[in-house]
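Chemist: Chain by chain, the residues run as shown.
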Amino acid sequence: MTQQTWDEVGGLLPHDEFRTASEAIVTNIEQVIEGKTATVRLALAVLLAEGHLLIEDVPGVGKTKLAKALARSIDCSVRRIQFTPDLLPSDVTGVSVYNQETHDFEFRPGAVFANLVVGDEINRASPKTQSALLECMEERQVTVDGVTYQLQTPFMVIATQNPIEMEGTYPLPEAQRDRFTARIAMGYPGQAAELAMLDGHGATDPLQELRPVSDAATVRQLIAHVRQVHVADAVKQYAIDLVTATREAPELRLGASPRATLQLLRTARAVAALEGRDYVLPDDLQALAVPVMAHRIIPTADAQLARRTTDAIVSDLVHRLPLPHDRQRSPYDTRPSAGNGRPPYEPRRP
Amino acid sequence: MTAHRNLGFVAAVATLLASAPLSAIFERWTWLLQSAVAVAAVAGAAALARLVRAPLWGQVLGMLAGLLLALTWLFPGGTGLAALVPTPATFDHFGALLNASVEDMRSYGVKVPDTDPLLFIAVLGIGSVAVMVDLLAVGLRRPALAGLPMLAVYSVPVAIYVDSVPAVPFVVGAAGYLWLLVTDNIDRVRRFGRRFTGEGRDVDVWEASPLAAAGRRLAVVGVALAIAVPLAVPGMSGGLLNQLSSGAGNGTGGFGQGGAPGRIDLFASLSGQLNQSQVTDFVKVTTNEEEPFYLRYGVADQLSPEGFSVRSPSGRPVTQDLPDPSQGVRPGVEQRQYRATVEVTRNLTMPLLPTYAEPVRTEDLSGNWLYDRNLQVLFSNRENSRGKSYTFDYVRSTYTPAVLREAAPLPAENELRRRYTITPPVREVEQLVTELIQGARTEYDKVRAIYDHFSAENGFSYRLSTEGGTSGQDVVDFLENKVGFCQQYAAAMAWLVRAAGIPARVAFGFTNGSDREGNTYTLTNRNLHAWTEVYFDRIGWVPFDATPTYGVQGWNRSEWAPDTDAPEPTTPGAETPVTPDDPGASAPANQPDQLEEDVDPGFDPAGGAPIDEAPRWPWWTLAVLAVLALLAVPALRRWSLRRRRGRRVAVPVPAPRVDSDADPAAGARPVVVGVDVDQARAHAHAAWDELLDTLVDYRVRVDRTETPRATADRLAADALTGDESATAAVRLLGRAEERARYARDPLTGEDLPPALHTVRGALAGRADRRTRLTAAVLPPSVLLRWRTALAESSARVVTTSGRLRYHLLRWNPRRLIAGRAGR
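Protein chains in written order, with full-length UniProt numbering: chain D, 1 to 350; chain L, 1 to 823.
What the hints contain is simulated information worked out from the structure, not anything from laboratory work. Just so it is clear, CB atoms sit at the ideal spot from N, CA and C, and this is done for glycine as well. One or more hints might be untrue.
[Said to hold, decoys possible] SDA-like mimics (lysine to any residue), calculated; alpha carbons at most 20 Å apart, straight line:
#	chain 1	residue 1	chain 2	residue 2
1	D	Lys-236	L	Thr-362
2	D	Lys-128	D	Thr-143
3	D	Lys-65	D	Asn-162
4	D	Lys-236	D	Arg-320
5	L	Lys-284	L	Thr-362
6	D	Lys-236	L	Ala-743
[As the list claims (entries may be wrong)] To give a feel for the contact side, a few chain D residues facing chain L, derived at Cβ under 8 Å:
#	residue
7	Gln-237
8	Leu-281
9	Pro-322
10	Pro-324
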């Protein structure tokens, strides 16, 4: 279980190597999931941003397939957990068992001890079991019987859940949802993609034929590369503006957490890197705002009554929020610095 | 209890504030001081009574006692015990004061001097009002009703001044009343419990409640309306508006409006009226006297270094008997009674009525008109002359020089002589007088010597366009320059006669004018005149008109004061005298007469005629050019902005060496050699700013939530569809700006100005003609920027003033009071 630290991973990948490696993974997955390049890239971006992915959609659109394809494309340890109502936390984290030979307790690692953990139908397990993931997802460690075990790097939880069927399910608690970097929906494939799917899946299962195109070491290098992507101050300010807007939005009961800010920026880095840029654009943040923030916020009762989805609320915010004054005023710019956002003077309470 | 004490204090101060209108009546402020003492006594007594929890009637008794003590102390009359405790004799004294006050009210015109009876009644009134206000506001908690006694105070000057009362005392009084109301209400709310605001927070005791803001605004608007509305009502002219307008025009010669005969500057109004280019009928007088001397309405008999001035007349109603002029008159003075009817037109408004000297009986005049027997003028404190029509009998005295010569000098201690010979010492005048009266034996000879001095022989001439002052220096100047008009002649002669120790004064009135039909004379503003009156013992006031006759239409000279310029003393004939020097005298009064030749043409509107004929077109051209220049400002600004940005963008950029030929957008970082990164960034920004301004100019939407990339994409998709080069150009600009903003290294090596030019051309090509024209002439980008700057600065002002107000609120007296009370 020894692994390289980030320092040992070494320097940056050259650009073209990053491109090659990342494109290879994307192309590989696309052999299984047709016509969903953006989703696939986002999933990869979450991996490179050291985050966790929640795939939420109706049954049969390929949630599990995406998770497994991503796992298979990378030559690393993969575990799959089928969350069922009777699943126990120890099944997830591991358990100490008595070894009669050594006359000692021995730790049997659970399913999370892998690079990629695919949690299927995560909302079918009881909250007790769901909570077992809390520590490992955020802190990348497992504590059993007072002993802390580090998890491997990269570590990513890809969970799926079904939003339609509510019977016998336990909605994810807020703390758990906040640990997922992004929530994505698969969506139905286009007609052409569906036709290609029929052709491809008719004879054999392409998943079986999928060969790894990358390994854990490469992924670690990719992650290191992503960490070097430049984020201008203006972009950071924009990220802060965005999460602040969710906190101040009147139709939201709960806004995005600081963790959301962090993960928003990380994912934006990964997306920028995947697009071949070495700097993040506000466009990246705008594109990621819904997947990264929508599942963390809770609308007010009024907004729920008005059938406003969180996706729509976040999307509206993005369209309403002006870009921050994002640069040193150029000496030739005589535009007034319109509204610095500070509210007019408010007298203090005596 | 604290609140009650506060309310009592406010009631007292409000009473004093409400008495402010009395300032229009009194000459000095003694009344206010004494009233303050009385009100303080009342308020103190009330507070004491409440301290011992006396019932309401006890409070009232206490307050009355306080008022009584204050009155006893203020108006002692030597009757009170220890100067404070009233005795029965004190009440007798008060009764005497009351009776005397009635008499004083009749005899004095406003503004009244400080006489004990008047002060007594004022203090008594204000003290009583204070008692009632305290009773209503504190005792009964009906402060709104307290307005009634306050209104009673206000009605005093209203009754005296017919037309209007100055606005400022009204505002002061209203402020006092409103303060009382506000204090009572705050007290009420405080008893109720917490004070609410619209902001959902508690209000501190000292703080003005935001909910009350509407009330405050209503109060201000109400007071403003109460002042403004009367100005708009036509029937109530003569108030603030007239005072303002007459104050604005210099020397247009408005008379006093009525109500205050003592306040008119007769000199100023006289010269003002004479200088009017327009001829206005003032008076129509019919008399059965053959050749009447001048109609007379006013007298200036107070002489100070500043010159002659008018004093407040005092007298008795004309309905009572007027003094008989024939009493005590030296034999030889011929006296005849005549009858005259005067119609004053609506153009003449003053608190005085013109009469012939000396009236003995009047008809058609109410008791509001008073006769001052010393000044021999009819005046009123309440009415004015406008449109008045009346008849009176008068006694005309004529004198012969012989009779006048008999008059002995008045003894030096004679009251009249003392009063009317007060003369400020002016060395030149005294020298001249000594010189003139040398050798004159009788009083009349002295006066004649002075009178004869003002002759053409001595170089005196008439001109209207001189300064009309009568101060010592003015008189000396006049005596040297020897050029002037009636008021200078009259004042100078009166001054000289006074200097000779003979009582003299200046009288004002009308000459007989030039428009005569039978016995009816129509007198205009041009016929206004001033002359000198000299007092002779046991004869009375004798008129002398020293003004050269050619300057006076309808002049009248007498045997005892003949025309000094005539070859020999003549008595004027039956007809209106027309001298060769005065050809215009017979001309109709509404024709411009000869006097105007003497008048400085500058004041005459006709003198402005050449200006009218001057070519106007240069001005029009200038104006049009100015407007055009003004209109061109935005376009010029836009042009200079574009040029500046273009110059910056076009700075030659050394070709950067890019490693490999990788597309910069593909992530390959160009290695920049010799290019200032900041400068490249600035270039990109300048180009982008220019692009945004161009978009605004051509009315393409600019979205502040859009990134440069999104903006470029949108433009490529919407505004520039199908134009390959423009699409590429706008994407290039977007990429340059994006990299300048967000990347480590800006885009270099691209030529932005041509791209800008392309995009601009494409946008202009797609815009309609009107948009293009607007973009060229009044670029919306510049206008928008100015508007935003304006809005920003005003917002800044609002913020600053809000902050200032907050800081000032810390020193709010109410806060300090509340803090003290809280402790």
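Chemist: All hints are to be evaluated individually against the structure, with a verdict given for each.
Modeler: Hints and how they fare:
As the CA atoms of Lys-236/D and Thr-362/L are separated by approximately 98 Å, the hinted pair breaks the 20 Å bound. Distance check on the hinted pair: Lys-128/D and Thr-143/D sit about 15 Å apart at the alpha-carbon level, within 20 Å; holds. About 14 Å separates the Cα atoms of Lys-65/D and Asn-162/D, which keeps this hinted pair within 20 Å; it holds. Only pairs whose Cα atoms come within 20 Å are accepted, and Lys-236/D paired with Arg-320/D is accepted, the gap being roughly 18 Å.
Between Lys-284/L and Thr-362/L, the direct Cα distance comes to roughly 17 Å. Compliance with the 20 Å bound is thereby established for this hinted pair. Taking the CA atoms of Lys-236/D and Ala-743/L, the gap is about 13 Å. The hint holds against a cut of 20 Å. Taken as an interface hint, Gln-237/D does not check out: its beta carbon lies about 11 Å from the nearest beta carbon of chain L, beyond 8 Å. With 8 Å as the threshold, the beta carbon of Leu-281/D comes within range of chain L, its nearest partner Cβ sitting at about 6 Å, so the hint holds.
About 4 Å separates the beta-carbon of Pro-322/D from the nearest beta-carbon of chain L, less than 8 Å, and the hint is met. Checking Pro-324/D against chain L: minimum C-beta separation of about 10 Å lies over 8 Å; hint violated.
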